[in-house]
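Working from the sequences, and respecting the hints, build out all of it.
Chains A and B, in that order, give the protein sequences.
Under my numbering, think of the first position of the first sequence as 1, with each following residue one higher.
Under my numbering, think of the first position of the second sequence as 282, with each following residue one higher.
Everything labelled a hint here was simulated from the structure, so no lab data went into it.
Quick caveat: nothing in here was measured; it's all calculated off a predicted structure.
Incorrect hints may appear among the rest.
[Stated by the list, open to error] Not the full set, but computed from the structure, chain B residues with beta-carbon under 8 Å of chain A: (1) Leu-372; (2) Lys-374; (3) Ile-387; (4) Leu-402.
All residues carry an ideal CB built from backbone N, CA and C; glycine is no exception.
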Amino acid sequence: MKRAGAGVERALFWALALAAFAAAAAGLLSRAIDRVAANYDIGRSAYAIVRVIAPEGHDGVARAAAILQSAPHVDSAAPMTAGRAAALLGMEASADIPALRLIEIELVQSPPGADVAGDIIAALAQGGVTAEVVGAPDDSGGAGLGGRIRNLAFWGAIGFGLIMALIVSFSARGLAGRRREMVTVMTDLGATGAQAAGRVADEAAMLGLFAGAAGCALAGALGVVAILLTTPEASPEALPRLIRPLDLAPLAAVTLGSAIAAGIGARTAALSFHERAAKIG
Amino acid sequence: MARPNPADLELFRRGIMARLTMVDSGYGPSTVLVGVEFEARLGEVSLVTGPAAAGKTTFMHLLRLALPIHAGRAVILGEDVARASPKMRALVKRRIGYVAENPVFIEHWTAFENIAMPLQLAGKRSTDYSEDVRELVEFVGLGEAADLAIAKLSGAERRRAAIARALAGKPDLILADDPTAGMSPADGRRIVRLLAEMRRVNAGVVIASQDETLADCAPLNHWRMDRGRLSLVSEEAEHADLEAFE
Numbered sequence: 001m002k003r004a005g006a007g008v009e010r011a012l013f014w015a016l017a018l019a020a021f022a023a024a025a026a027g028l029l030s031r032a033i034d035r036v037a038a039n040y041d042i043g044r045s046a047y048a049i050v051r052v053i054a055p056e057g058h059d060g061v062a063r064a065a066a067i068l069q070s071a072p073h074v075d076s077a078a079p080m081t082a083g084r085a086a087a088l089l090g091m092e093a094s095a096d097i098p099a100l101r102l103i104e105i106e107l108v109q110s111p112p113g114a115d116v117a118g119d120i121i122a123a124l125a126q127g128g129v130t131a132e133v134v135g136a137p138d139d140s141g142g143a144g145l146g147g148r149i150r151n152l153a154f155w156g157a158i159g160f161g162l163i164m165a166l167i168v169s170f171s172a173r174g175l176a177g178r179r180r181e182m183v184t185v186m187t188d189l190g191a192t193g194a195q196a197a198g199r200v201a202d203e204a205a206m207l208g209l210f211a212g213a214a215g216c217a218l219a220g221a222l223g224v225v226a227i228l229l230t231t232p233e234a235s236p237e238a239l240p241r242l243i244r245p246l247d248l249a250p251l252a253a254v255t256l257g258s259a260i261a262a263g264i265g266a267r268t269a270a271l272s273f274h275e276r277a278a279k280i281g
Numbered sequence: 282m283a284r285p286n287p288a289d290l291e292l293f294r295r296g297i298m299a300r301l302t303m304v305d306s307g308y309g310p311s312t313v314l315v316g317v318e319f320e321a322r323l324g325e326v327s328l329v330t331g332p333a334a335a336g337k338t339t340f341m342h343l344l345r346l347a348l349p350i351h352a353g354r355a356v357i358l359g360e361d362v363a364r365a366s367p368k369m370r371a372l373v374k375r376r377i378g379y380v381a382e383n384p385v386f387i388e389h390w391t392a393f394e395n396i397a398m399p400l401q402l403a404g405k406r407s408t409d410y411s412e413d414v415r416e417l418v419e420f421v422g423l424g425e426a427a428d429l430a431i432a433k434l435s436g437a438e439r440r441r442a443a444i445a446r447a448l449a450g451k452p453d454l455i456l457a458d459d460p461t462a463g464m465s466p467a468d469g470r471r472i473v474r475l476l477a478e479m480r481r482v483n484a485g486v487v488i489a490s491q492d493e494t495l496a497d498c499a500p501l502n503h504w505r506m507d508r509g510r511l512s513l514v515s516e517e518a519e520h521a522d523l524e525a526f527e
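Structural data, given as structure tokens:
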């Protein structure tokens with residue numbers, strides 16, 4: 001069967017593919033933000049600083065560091081040097097920094113609800129050291145920022161995807177418009193609304209599926225390039241390790257969503273054409 | 282869905298394909314047809330003639346269930362049109378073969394594909410119907426033009442294709458709105474005879490035309506439409522034989 005207006009349909013295909021590309025890119029970006037935020041959360045919760053209050057002087061810091069090596073939740077501990085402090089504060093290494101009573105500690109993964117700071121302070125107190133823990137994970141003071149960013153990225157991508165679905169749906173109405181004569185003929189021949197609209201919707205859904213797949217392929221390729229350019233340890237061989245199955249979920253969702261949105265848009269339009277053709281008076 | 286009235290179904294079983302009783306109808310709120318009384322029976326041909334804008338096309342739209350009824354009662358193929366659900370109307374439409382004044386086709390499909398569409402809608406496979414459609418194509422005299430895109434056919438060929446499509450689903454009621462428009466008198470008479478032949482295959486036939494002279498080219502009931510009012514001019518002679526007109 002010869003297809004008329006293939007040029008117009010090709011343009012429609014690419015319009016749908018562009019919308020699918022945008023939605024898939026947003027989905028992949030959301031996954032990237034999610035992973036960066038998750039890593040940030042892990043890094044943040046695995047690090048803390050202990051400030052030694054008593055005994056004062058180098059001995060107090062050395063004793064605290066020794067106790068911390070075997071304290072609960074602590075993986076490793078190291079007194080903060082003046083050079084390290086200068087680097088953290090963004091100052092010149094030669095800057096005049098007073099003697100520090102700070103110890104950097106790496107924490108092991110603790111069960112939720114654990115009082116990490118309290119346990120460390122108690123362990124130090126048993127060894128005769130008074131100290132406070134700065135930046136140990138708890139539910140206040142900025143903790144959960146990563147979670148909020150992850151939520152924002154997820155729902156942002158969903159919202160953007162829905163807007164793109166709306167665009168796909170309205171574009172598919174254009175296809176139904178081009179099939180109006182078919183709907184009219186089918187109606188005249190006794191097709192029910194479901195039959196006439198179903199035929200047009202099937203065609204639109206197939207177009208949406210292929211356009212969605214094309215858009216997702218482009219977004220996926222762009223995503224791979226972005227990973228290779230921005231991740232230090234990335235290489236073509238390392239990609240299967242770097243990309244998790246969940247990262248591909250936006251691509252699958254957008255491909256399927258394009259087909260559904262196109263089908264729904266075309267079906268709605270075709271049903272209204274059928275209604276008008278069925279009753280001219 | 283409203284259940285079919287047994288009395289209406291009985292009408293159909295008795296061979297009454299359409300019965301209109303004091304029907305008013307038209308487009309939207311405006312009434313075009315007034316107090317129409319009409320009956321089309323199995324094996325009979327009804328010719329409705331009248332001047333332009335008399336209401337013939339509106340009458341055909343009414344018979345093909347495309348217009349609402351403002352007053353009166355219309356029973357078509359055993360269904361009370363006013364009470365029928367949209368789905369039931371679609372099912373009744375499937376049993377009506379309609380040749381429009383300006384037939385609408387899927388222009389980029391071939392004539393063959395357009396003609397076969399009622400059979401596709403009925404869920405038949407192309408292997409099952411292709412021979413029947415070829416026969417129809419020959420019957421209406423479309424010949425090799427059937428394999429061309431419908432957009433490439435002449436006006437007369439499109440009309441033949443429309444007739445073939447109307448007959449493809451073996452309808453109970455055949456409606457033809459001005460089927461001879463734009464044809465030579467000889468071609469027009471041939472088309473009307475061809476449509477009249479359909480009465481032999483368990484169908485009722487209704488033809489609308491401005492051409493009064495068509496009344497003598499086949500045995501038929503002649504009706505006249507004037508300003509939305511329909512009147513019977515002459516009834517088909519009993520036992521009239523089509524061959525006598527040829």
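Which of the listed hints are not met by the structure?
-> Violated hints: none; all satisfied.
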